[in-house]
Amino acid sequence: MGSPLILKLAGSLMVILATSLLGHEIATAYARRPQQLRLLRTALQMLETEVAYARSLLPEALGMVAARLGGREAGSEPVAKLFRYCRDELRRGEGLTGGEAWIRAVEKVFAQSALKPRDREILLAFGAYLGASDKEDQIKHLRLAQTQLAQEEAAAWEERRKNSRLYHYLGVSAGLIVVLTLL
Amino acid sequence: MQSPDTVQSSDAIQPSDAKGRVDGRFGELLPVLPAHLREILGRIPTEVLKNLEEIRLREERPLMLVYGGRDGFATPRSTIQELPGEPDPAYIITREDTAKTLQLMSHSSLYALEEELRNGFLTLPGGHRVGFVGKGITEDGRLKTLKNISGFNIRLAREILGAADQVLPRLVVTPPMDGKDASKVLSTLIISPPQCGKTTLLRDLARQISDGVPSLGLIGRKVGIVDERSEIAGCFNGVPQNDVGVRTDVLDTCPKAAGIMLLLRSMSPEVVVTDEIGREEDVDAVEEACHAGVAVIATAHGHDLGELLRRPGTGRVIRDGHFQRAVILSRRRGPGTVEAVLELNQE
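Read top to bottom, the protein sequences are chains A and B. Here this note's numbering is used: position 33 in the first sequence is 33, and no number is missing along the way. Each number in this note's numbering comes from the position in the second sequence (counting from 1) with 183 added on.
Hints in this document: simulated from the structure, not taken from any laboratory. Take these hints with a grain of salt, some might be off.
[Claimed, not checked] Derived lysine-lysine pairs resembling DSSO-like cross-links, with alpha carbons at most 27 Å apart: (1) B:K318 <-> B:K330; (2) A:K162 <-> A:K116; (3) A:K135 <-> B:K327; (4) B:K405 <-> B:K367; (5) A:K135 <-> B:K330; (6) A:K140 <-> B:K330; (7) A:K140 <-> B:K318; (8) A:K140 <-> B:K327; (9) B:K318 <-> A:K135; (10) A:K108 <-> A:K81; (11) A:K81 <-> A:K140; (12) A:K140 <-> A:K108; (13) A:K81 <-> A:K116; (14) A:K140 <-> A:K116; (15) A:K81 <-> A:K135.
Start from the sequences, fold in the hints, and give me the full structure.
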């Protein structure tokens, strides 16, 4: 008559495991946003170098940034995609300006990213000037966007620190509660 | 002026609806224009397109085309008429059109165009050249950049292969003693008022001399082009968009005098080709090249030889006998009419 006990134990373990994984999943999602914000900042810094020193044309500069970001670390893909899409829109020759192509790319990538609407606002505001002014002005807008993203990033790390632990605990405890109620 | 029998009943040239008729070069121009301008220009009548020389965009003024030595205004329906307001109102260029045109022409990279904004022109893929005006920003009395760009002159690249067929035989000599491959290219000055096809001629001379012309006993020569205003080779990102020959090196957007010296030092050209010599330092560089045994083919603004002889720089270089031939061009029978090929006496 040992088998029902073993079944119960195994079932309970599976329930706890499942809810813990769910908690872990939510916790990692909280880590993804600050990661992507950091990558965005790095990317804008690369773009700044391309624009200010290499004087590459915008489509080339975007492609270069995308290539250097690609496959860097888990979660970097949406950021690399943003730059690649923007370049592709420009190359298509439909007569889009840099700003218009950027807006399209942001809208396209946003849903796949861990970014929040206010991050998107920063990107959209920055994009309006992309490639449309002289070097000094471009650098100014690139720096402004980097600073704004850095602020969001700091807040996001803090949020992540709190929430990550919370969701780990919640995951395990939810499992325990379910098991205890059902036993 | 339009002759009476070509005037159509509506007083305007009707648009063409034939698709795929836009030739490759003109096709390359369209992507740099905002969507509705592209639409209007994509349908312009074939007879206008065939002779199209310039597209003029002026903010808050009608869209103008220069073709076959005259001009006309384009309406939103792509008809071309002599008057901006009749029979239909012409398309009026908006501020958005000019702003967008500048962005598209710069590949959304205005920051990379400092030099071009100072010089007031840029070269597009396909070798088309765009001049523009706006508000000049000066620093210490020198033009630093242009702002509020409000007017564009898009000059269509016209590459006419064979433009030099008529004159080239008279610019080479075959010494009777030597073998048949020893034809020598003579230093030549092309004299022409603006818009008479001197750049077209110069470009085709460069191409033929570079590739070689077996029927003239001319083997291909190494040609160096100093293309200060990107007009000859029409370089985009350093790559010639025009066929300037297989043995041709192009030094793009480089001042003529410094460019000629650089080519002589580093590229060992046999023929140096350059545009519009006039300043003293250009003339010095031409002399330097001639002393080095390199043939020079250059152009100069003017109507005849006498006019150039009266100018200090060009007068000196002609009198010193550095040029053996002079070609005089005009527009009498259309651009590229050769008025005369003169043999200049050498002292």
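Hint by hint, here is what the structure shows:
1. B:K318 <-> B:K330: It holds: about 5 Å lies between the C-alpha atoms, which stays within 27 Å.
2. A:K162 <-> A:K116: Holds. K162 of chain A to K116 of chain A sits at ~18 Å (cutoff 27 Å).
3. A:K135 <-> B:K327: holds, 14 Å
4. B:K405 <-> B:K367: Holds, at about 13 Å.
5. A:K135 <-> B:K330: Roughly 14 Å between the alpha carbons, so the hint for K135 of chain A and K330 of chain B holds.
6. A:K140 <-> B:K330: holds, 18 Å
7. A:K140 <-> B:K318: holds, 23 Å
8. A:K140 <-> B:K327: Roughly 20 Å separates the two Cα atoms, so the pair holds.
9. B:K318 <-> A:K135: Distance of about 18 Å is within 27 Å: holds.
10. A:K108 <-> A:K81: Within the cut-off at roughly 9 Å; holds.
11. A:K81 <-> A:K140: Distance of about 24 Å is within 27 Å: holds.
12. A:K140 <-> A:K108: Holds. K140 of chain A to K108 of chain A sits at ~26 Å (cutoff 27 Å).
13. A:K81 <-> A:K116: Given pair K81 of chain A, K116 of chain A holds - Cα atoms ~17 Å apart, limit 27 Å.
14. A:K140 <-> A:K116: holds, 24 Å
15. A:K81 <-> A:K135: Holds, at roughly 25 Å.
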